[in-house]
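2 protein chains.
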Amino acid sequence: MTDKILLGHGSGGMLMHELIREHFSPAFGMDGFGDSAILSVPSEKLAYTTDSSVVFPLFFPGGNIGDLAVNGTVNDLAVSGADPLFLTAGFVIEEGFPLSDLKRIILSMATAAEKAGVKIVAGDTKVVNRGKADGIFINTSGIGVLPDGRELSPSKIEKGDAVVISGEIGNHGVAVISERNGITFDPPVETDSRPLNGLVRNMFEATNGISFMRDPTRGGLATTLKEAALESGMCIRIREEALPIPPGVKGACSLLGFDPLTVANEGILVAIVNGNAADTLVTAMKKHPDGYHASRIGTVEDAPPGMVLLETAIGGSRIIDMLRGEQLPRIC
Amino acid sequence: MTDKILLGHGSGGMLMHELIREHFSPAFGMDGFGDSAILSVPSEKLAYTTDSSVVFPLFFPGGNIGDLAVNGTVNDLAVSGADPLFLTAGFVIEEGFPLSDLKRIILSMATAAEKAGVKIVAGDTKVVNRGKADGIFINTSGIGVLPDGRELSPSKIEKGDAVVISGEIGNHGVAVISERNGITFDPPVETDSRPLNGLVRNMFEATNGISFMRDPTRGGLATTLKEAALESGMCIRIREEALPIPPGVKGACSLLGFDPLTVANEGILVAIVNGNAADTLVTAMKKHPDGYHASRIGTVEDAPPGMVLLETAIGGSRIIDMLRGEQLPRIC
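Those protein sequence lines, which keep their order, are chains B and E. Quick note: the first sequence uses the working numbering, first residue 10, plus one each step. Quick note: the second sequence uses the working numbering, first residue 10, plus one each step.
These are computed hints drawn from the structure, not numbers from a lab. Check before you lean on any hint, since a few could be wrong.
Put simply, identical chains are the same to the list, so a pair is met inside one copy or across any two.
To be verified - Straight-line distance between alpha carbons at most 30 angstroms, and here's what the computed DSS-like set of lysine-lysine pairs gives:
#1 124 <-> 295
#2 54 <-> 128
#3 168 <-> 295
#4 112 <-> 13
#5 124 <-> 54
#6 128 <-> 296
#7 295 <-> 259
#8 128 <-> 295
#9 112 <-> 124
Make a model of the complete structure from these sequences and hints.
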């Protein structure tokens, strides 16, 4: 067998069957690939999502496009309140892509899926001519089930709610952009890519006061908070001092001219929770390894509506908006 | 607003929100885009699939990448026996892609979804630098529900079963490859891209004798029949004279040196059905506009196992195998 991906690997014919039989099927523990998977789901209320990964470079400190693709979709389901169960994987591969890299990526996906407790049940492989893609793009869609009565929505956000974050910000964006530019930090800044469904399970066990959750990926914490403010019509006020920005991210951002608030994350979530339940929630989160750095970073007020305000360390306040333009393309 | 896609349209920030609000949300009738959709499904038994479309050129006689992406996933669910309900759409777009083309593609997707009776419920947009993709790639995943007791499987294929095809072969492949090479036929050969779930519904109303169905897309009819033979361990014998090959496809294939049996289709299916039910099934299929050219093309025998044999018009028999290599890359 060749050590590079050929156009024929995407033709639907014999080479594609070989690729699937020898690599995809064993890694993902599936019989076929490309047919519909037949599933039994234990609930009639589902969460359903899709995400394409086009990160560049494909390999970066702490992860690669494969685990990123799995964790991204798992987390999108988890922050909707669902228990992620099944994923699909759609590959668009450039002709000439090294088979060894593909294997490494597939194994990362399999490991990430196992860690998150989800199963990759269907897939698709397309190959495009050399120069018509950039190595590999991976789409993952995902299905999760929503427990009875669980409903998260920005419309449930109320005055007096607390804003809680599950961990440090900026690690993923800095890890990828450093790798892309050949910059290394000591200690290295690694992606925070991880599945959050285990943490989310603990959070719902700790309190039923959670109104809304989202994972601040592309566009960073600033964009997610602004979305929450706009969608709820409330004002979100956060304290700069409370933001968990690790020293490596702080240093890299000041070196590269980035705002840590708009840098992408792949393994944290923001929860908006009833003010009285916030301490209980943070305590519970801190007990989980993926919520070790959880903290309360702000509060919800009713005015000015749709605004996010950052109280700075010296007592001023700054208006926070969504990311404008393309600060960090292909970060996920 | 700009008339071209910018990197910022994939950043997760303000430009992306604009793109979604002004184009994706209205076309697909959805509130958000990128968050998990919350769905109620009327069954616990689901079919779930994914498919990436990388067809080149993006526009070709009778269709474009948008309707192809929708119909491909609808059909994959339909031939598994499921009623398709929900789709996701993941876009990877090249920087500089004309917004007018994107709009045209989105509207085709919306129209195709409406025609098939499915809803696009979640989406994702990524933008890669100029030269790092080829216009646009679209992934669609899909969920369908399986009616109680419906189970199709190659293991149900038995000696004496009939092989039925729903329509003419080769149209899609010839339409795309002609467009790619600037060849026109008179009358033009158009893609057969269409949703098959309506036809499939009629087929199950006509008989419960269907063992197995598949849509012969990439790799063509030859690859699908060979898969069925290998997966069932049976022999499939088809008659060359019975194959519905339209004159335009016949002419184009002899001109371009292609075998119509390995040319891609996007709007037909192969069903393997109890021999006694075959005539009833074909009659029912012919009454549906998408099954007008339905015909019985062969039979299942028990030996030689895993083989597909074509009885030629002059009385000989030819061994049919899967497509080898990359006859027609980027055909879907």
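Tested hints:
1. Within a single copy, residue 124 and residue 295 get their C-alpha atoms as close as 20 angstroms, which meets the 30 angstroms cut-off; across copies the closest is 50 angstroms, which misses it.
2. Taking identical chains as interchangeable, the C-alpha atoms of residue 54 and residue 128 lie at most 30 angstroms apart whether they share a chain (19 angstroms) or sit on different chains (16 angstroms).
3. Taking identical chains as interchangeable, the C-alpha atoms of residue 168 and residue 295 lie at most 30 angstroms apart only when both belong to the same chain, with a minimum of 25 angstroms there against 63 angstroms between chains.
4. For the identical chains of this complex, residue 112 and residue 13 are intra-copy neighbours only, at 11 angstroms inside a copy versus 36 angstroms across copies, given an alpha-carbon limit of 30 angstroms.
5. With identical chains, the CA atoms of residue 124 and residue 54 are at most 30 angstroms apart both within one copy (24 angstroms) and between copies (25 angstroms).
6. Taking CA atoms no more than 30 angstroms apart as the test, residue 128 paired with residue 296 passes inside one copy only; the shortest distance there is 27 angstroms, against 41 angstroms between copies.
7. Proximity of residue 295 to residue 259 under the C-alpha cut-off of 30 angstroms is restricted to the intra-copy arrangement: shortest distance 23 angstroms within a copy versus 68 angstroms between copies.
8. When the C-alpha separation of residue 128 and residue 295 is checked against a cutoff of 30 angstroms, the pair qualifies only within one copy, where the shortest distance is 28 angstroms, while the shortest distance between copies is 40 angstroms.
9. Proximity of residue 112 and residue 124 under a CA criterion of 30 angstroms is satisfied intra-copy only: 18 angstroms inside one chain copy versus 39 angstroms between copies.
Going through the hint list in order, the structure satisfies each hint without exception.
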